[in-house]
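Engineer: Let the sequences and hints guide you as you build the complete structure.
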Amino acid sequence: MGIGLEHFLIVSGLLFALGIFGIITRKNAIMVLMGLELILNSANLNFIAFARYGGLNIEGHIAAIFVIILAAAEVAVALAIVLNIYQNYKHINVDEINKLKE
Amino acid sequence: MGLFELAFYSFAAIILISALGVVLSRKMMYSAFSLLFTFFGVAGMYVLLNADFIAVTQLMVYVGGILVLIIFGVMLTQKITGVDIKDGSVGKLSFAVGGIMSAFIAVFFTMMYMNVDWFLKDAPITDSTITQIGKSLLTEYLLAFEVAAVLLLVAFIGAALIARRESN
Chain E
1 MGIGLEHFLI
11 VSGLLFALGI
21 FGIITRKNAI
31 MVLMGLELIL
41 NSANLNFIAF
51 ARYGGLNIEG
61 HIAAIFVIIL
71 AAAEVAVALA
81 IVLNIYQNYK
91 HINVDEINKL
101 KE
Chain Z
103 MGLFELAFYS
113 FAAIILISAL
123 GVVLSRKMMY
133 SAFSLLFTFF
143 GVAGMYVLLN
153 ADFIAVTQLM
163 VYVGGILVLI
173 IFGVMLTQKI
183 TGVDIKDGSV
193 GKLSFAVGGI
203 MSAFIAVFFT
213 MMYMNVDWFL
223 KDAPITDSTI
233 TQIGKSLLTE
243 YLLAFEVAAV
253 LLLVAFIGAA
263 LIARRESN
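As they're listed, the protein sequences go chains E and Z.
Okay, so the first sequence: first residue is 1 according to the working numbering, each after it adds one.
Okay, so the second sequence: first residue is 103 according to the working numbering, each after it adds one.
If you are wondering where the hints come from, they were derived from the structure by calculation, not from laboratory data.
Since the structure is predicted, the reported quantities are computational estimates derived from the model, not experimental observations.
Each residue gets a CB set at the ideal place from its N, CA and C atoms; glycine is no exception.
One should not assume that every hint holds.
Simulated restraints, written as ranges between beta carbons of each label pair [what the hints assert, rightly or not]:
1) Leu70/E <-> Thr241/Z: 20 to 30 Å
2) Leu70/E <-> Leu126/Z: 24 to 34 Å
3) Lys99/E <-> Phe139/Z: 36 to 46 Å
4) Val218/Z <-> Leu70/E: 21 to 31 Å
5) Gly2/E <-> Ile264/Z: 45 to 55 Å
6) Ile97/E <-> Phe197/Z: 15 to 25 Å
7) Leu108/Z <-> Tyr89/E: 40 to 50 Å
Dumping the calculated DSSO-like pairs for lysine-lysine here, alpha-carbon to alpha-carbon at most 30 Å [stated by the list, open to error]:
8) Lys129/Z <-> Lys99/E
9) Lys90/E <-> Lys194/Z
10) Lys101/E <-> Lys90/E
11) Lys129/Z <-> Lys194/Z
12) Lys223/Z <-> Lys237/Z
13) Lys194/Z <-> Lys99/E
14) Lys129/Z <-> Lys90/E
Structural biologist: As structure tokens, then:
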């Protein structure tokens with residue numbers, strides 16, 4: 001049996017599950033960001049798999065490009081916020097950060 | 103087993119093993135380097151799916167940009183006095199909850215993907231997708247393209263402003 005759409009989809013589903021696991025089990029904000037990157041990559045893999053096998057064709061590629069653009073913008077802003085939090089709290093544990101302003 | 107199958111299973115193994123390394127390793131630096139291999143594996147998958155431009159973009163943006171930012175973040179947010187780099191993992195309860203939930207998600211997705219009767223239509227064979235992507239970005243998706251450009255500008259100016267140290 002050759003490689004088809006399902007094979008790529010299953011890889012991306014497993015990647016998504018691993019990303020969710022990373023987000024739930026870590027409390028360091030940067031580890032949460034890494035889990036988020038795994039999830040975005042799995043979504044992108046789905047777009048490209050459907051572009052190749054599901055008749056989505058070039059639209060799938062365009063959607064993947066926009067996902068990559070948004071991921072770049074998101075990670076820049078998120079890391080800026082994380083650095084600011086680190087200056088104020090001296091740690092970046094997401095479950096202990098509960099003040100917007102001192 | 104043909105070359106395509108061999109390449110697919112190698113890339114799948116690279117992706118899944120290094121993603122496991124990202125979520126399970128004790129030190130954040132090791133997680134960041136595992137993430138590098140995950141990105142490379144996903145780029146290889148894109149090549150297998152005839153998406154050459156997306157594969158190159160993945161390498162340039164994720165590996166060259168996002169991963170470098172994340173490694174900067176890891177290194178800038180460690181306590182200088184601390185001996186080891188803390189991974190900040192939570193207790194056993196949330197480990198169990200996360201494990202059960204992600205196992206459920208993995209099983210659910212796998213069953214769903216195996217059982218659904220997908221609409222299948224092969225993409226037409228082309229030398230390169232770059233011409234098509236360029237044409238449709240500048241005709242059909244021009245507004246979204248411009249909005250994305252403005253969004254990137256705003257996001258990076260905002261990030262630079264937020265991350266700047268207070269001068270007073």
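Engineer: Next, verify each hint and record whether it holds.
Structural biologist: Against the structure, the hints come out as follows:
The hint said 20 to 30 Å for the Cβ distance between Leu70/E and Thr241/Z, and at roughly 22 Å that hint holds. Separated by about 27 Å at the C-beta atoms, Leu70/E and Leu126/Z satisfy the suggested range of 24 to 34 Å. With their beta carbons about 37 Å apart, Lys99/E and Phe139/Z fall inside the hinted range of 36 to 46 Å. Remark: the range hint 21 to 31 Å for Val218/Z to Leu70/E is upheld by a beta-carbon distance near 27 Å.
Range check, Gly2/E to Ile264/Z: Cβ separation about 49 Å, and the 45 to 55 Å hint holds. Between Ile97/E and Phe197/Z the C-beta distance comes to about 21 Å, which sits within the given range of 15 to 25 Å. Evaluation of the 40 to 50 Å hint for Leu108/Z and Tyr89/E yields a pass: the beta carbon distance comes to about 49 Å. Distance hint between Lys129/Z and Lys99/E is fulfilled; the C-alpha atoms sit about 27 Å from each other, no more than 30 Å.
Our distance criterion of 30 Å between C-alpha atoms is met by Lys90/E and Lys194/Z, whose separation comes to about 25 Å. Under the criterion of a C-alpha separation no larger than 30 Å, the hint pairing Lys101/E with Lys90/E is consistent with the structure, at around 15 Å. This hinted pair checks out: Lys129/Z and Lys194/Z have alpha carbons roughly 18 Å apart, not beyond 30 Å. Between Lys223/Z and Lys237/Z, the direct Cα distance comes to roughly 22 Å. Compliance with the 30 Å bound is thereby established for this hinted pair.
Of the pairs offered as hints, the one joining Lys194/Z and Lys99/E holds, with about 27 Å between alpha carbons and a cut-off of 30 Å not exceeded. In summary, the hint linking Lys129/Z to Lys90/E is supported, as the alpha carbons are separated by about 18 Å, within the 30 Å threshold.
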